[in-house]
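Asker: Read off the chains here:
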Amino acid sequence: MNSAAEVRQESDRHATKKPFAAIFSRPEIGPIGVMLLLFGMLGYFSIPAAEDTWNPFAGEGFNALGIRNNLRVISQLGIISLGAGLLIIAGEFDLSIGSMIGFAGACMAMTLRWGFAILIPYISFDGGIHLEFFTLISLEPVTPITAIFITLCFTLTFGWLQGFIVVKTGLPSFIVTLGGLFFLRGLTEVTLRAFNKKPNQSAGSTTVTEIPDIKNIINLPGHGEIERQAAKMLPETELSDLAKSLPADLVAKITERLEYTAQRVADAKTGIMEAKGVKPLENALENAINSKNEYMINAIKDKIANFKINPVPPKDVTEVDIAKAYLDTLPSVNQVANFFGGDILEPVFDWLYFPIDWNVNNFGNQFAPGLYSCVMIWVLLSIICYIVLSRTQAGNWIYSTGGNLSAAQANGVPTNKVKISLFVFSAFCATVFAACQVFEVNTADAAKGNLKELEAIAAAVIGGIVMTGGFGTILGIIVGAFIFGLAKEAFFYIPGIDGSFYRVFLGGVIVLSAMLNENIRKRIMGNI
Amino acid sequence: MSQTLEIPLIKTINLAKKFGAFTALNGVDLEIYPGEVHALLGDNGAGKSTLIKILSGVFPATSGDIQIEGNSVKFASPRDASDAGIGTVYQDLALNALTSVTRNFFLGRELRTFNNPFGLMKMKEMDRIASAEMAKIGINIADPEQPVGTMSGGQRQTLAIARAIYFGAKVLILDEPTSALGQKQQMEVLKTIKRVQQLGDIAIILITHNEIHARLIADRFTFLSLGEVIGSGTANDLAGDDIKTLMAGGTEIGDLAKELEAV
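Chains C and D supply the protein sequences, listed in that same order. Here the first sequence is numbered in our numbering, starting from 1 and rising by one per residue. Here the second sequence is numbered in our numbering, starting from 1 and rising by one per residue.
In isolation and in its complexed conformation, chain C is listed as follows (with noise of 0.2 Å):
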């Protein structure tokens, strides 16, 4: 043996690692690549017929109100994707988030329209024997934030108690999960039924309506709580009066940007009513080159040269018009039920229309309010699993909890408790999924969430989550979300296309996706 080979070392075998190489052997690579393209497909796809150019930011998906609705759909499935994400990388699965959510919607519209109660039922002996009920607690009208803390209550000890007989029992997540799936799903509609009887129906509805817009009530002095569009309803001698009563530079603020919005709206209708006068004009033009007729041909063109329309005046901005429009900048009294179904970024959007002129609809319109509050809610959630999963001694658990259960036990990491705790955060994502609707829409519906949790697992697949457990990333899972919404948007605006297609596309997806992450594994592994 000579010196040369004495000193050579084990970990001279691992070649140096070339500079792009860290960013291509990671596993979100495929994905982002995917997600890039579907961006691309939204976009191009999304751009109007009559518009002649290959930017695809110049498409709908990618106009203001694009951005919002697909912001949305991708973070509503973002929140849940997390729970099922994290979950899987810990070696379990979930299968009853899709009921947890109509459960956690129905139970939080229920308490938010008829109150809370817990009733002891006892047996009365006076009058012959009957139960009576002893009410212990009873709550009415029911807050916002105590509705989603009573729902908490619910859905986190059901997603306890699945973790717990799965760690217990050693069966099979998906068997204990999919039993939730079932029994959740029934109990909702069984309580709904029960509860949402009226008088005069044999069944009740499975649908919560009437829950007032608690998002949107103002404090308005005089009138105290009340909700932003009955406000705005009110006698216009008292809107006016508001008017008067708010200070100058306010008044002034208000009454430059409606004057803006008067000016794009009369100038939108200008441009509309012009397009329709020229119409005509250029019908006959065409029957003219058909017919050959120089002297009409040169006439007609002459005529749509010079065709002018008065331009609509601009609409007065009156004292009402202010009032609303004041009414309208006046933050929500619950901001829990904001925080959850309100907008945010309603600044930025207002400056993108107002002056940037971006944020802008056909009628000359503001285009999008805001974004829809589960964004920031995700990204919240989001930035909170990154941290955990990737820097916290929880997160080195949760990786070898899935990876290696009996060297994760042999150390010391108390992996029920990492089990259980992720069972829970699965509910509390799909709660904090039903909340961002409910307090959207105001309704809740049994039928909420439905096969809400295969497309979870199917976006933390994509994203480079290994079924097996003990592999993925944070990352990984957000880029999942956004090709599994993006696809839903993008195949909706291809021409002569099923909207339904974009199933056939993910299903490929998945397969894909985990063929790859597979791949990926075994080279860790070492098995390649």
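These are calculated hints, taken from the structure and not from any lab test. Predicted model, so just to flag it, every value in this text is computed and none were measured. Check each hint, because a few of them may be wrong.
[As the list claims (entries may be wrong)] A few chain D residues that don't get close to chain C, going by computed Cβ distances all over 10 Å:
{"#": "1", "residue": "16"}
{"#": "2", "residue": "110"}
{"#": "3", "residue": "150"}
{"#": "4", "residue": "183"}
[To be verified] Quick list of simulated restraints, FRET-style, between CB atoms:
{"#": "5", "chain 1": "D", "residue 1": "140", "chain 2": "C", "residue 2": "500", "range": "50 to 58 Å"}
{"#": "6", "chain 1": "C", "residue 1": "412", "chain 2": "D", "residue 2": "14", "range": "25 to 33 Å"}
{"#": "7", "chain 1": "C", "residue 1": "205", "chain 2": "D", "residue 2": "109", "range": "52 to 60 Å"}
Glycine residues also receive a C-beta, built at the ideal position from the N, C-alpha and C atoms.
Model the placement of chain D on the given structure of chain C, informed by the hints.
Answerer: This is chain D only, laid out in the frame that chain C set:
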């Protein structure tokens, strides 16, 4: 290297274990000294695994006594044994192949900023310690962030041993560390064991089937057969032939040749 005058680091007195009617261990006396490699040899079913599982706290002994530096101890769990300074490196090494060297090195005992599982890990410090501790017993890892799955079997052994030592193991129990490894990696592991031995204050219990490996590095031998000690002594006490014979459980291995001819 005779240190018989010292107090043994760990000593078992008449240790016995019964599983119902079956006697797995029938009164085993064992003395382990710091700085020594103590080879525990015996055929399958001799009671080696039972013995190390009692020592590492997996289950309690039916009777008998374990003494650490002269004091009697009782282990209720593997945690107790590990707190008392007994580090066990099992055959499967208790490593998560999908995560990095550092994450495995500190698995379950991560350095963190707050005393809470949600405290941030001190990743840089952990990287540094993991590299340094592995270098101490002879393996330079190129990148402490490389997944354990990409390491060779020998390197994984080293990682598991370095981890046990760093977290306070005074007695290191190595359960067949060279089985299931290639020739070259077996040599690596033996070198690692030698380096640990040379640290001087750590006692090593080496369980092995490989007589050659035992003879290469062990200072003291104990032979088990059918739950009893059938021979023990220092490397100098035992002549070469004895080891082979005792390992086979005391029967004359030489007869095997004749028996095979007769088949």
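Asker: Look at each hint and say if it fits the structure.
Answerer: Consistency of the hints with the structure:
1. 16: holds, 26 Å
2. 110: With a cut-off of 10 Å, residue 110 (chain D) comes too close to chain C, as the shortest Cβ separation is near 4 Å.
3. 150: violated, 6 Å
4. 183: Answer for residue 183 (chain D): holds, closest chain C Cβ roughly 14 Å.
5. D:140 to C:500: 50 to 58 Å: holds, 57 Å
6. C:412 to D:14: 25 to 33 Å: holds, 31 Å
7. C:205 to D:109: 52 to 60 Å: holds, 56 Å
In terms of the numbered hints stated before, the structure departs from hints 2 and 3, listed from lowest to highest.
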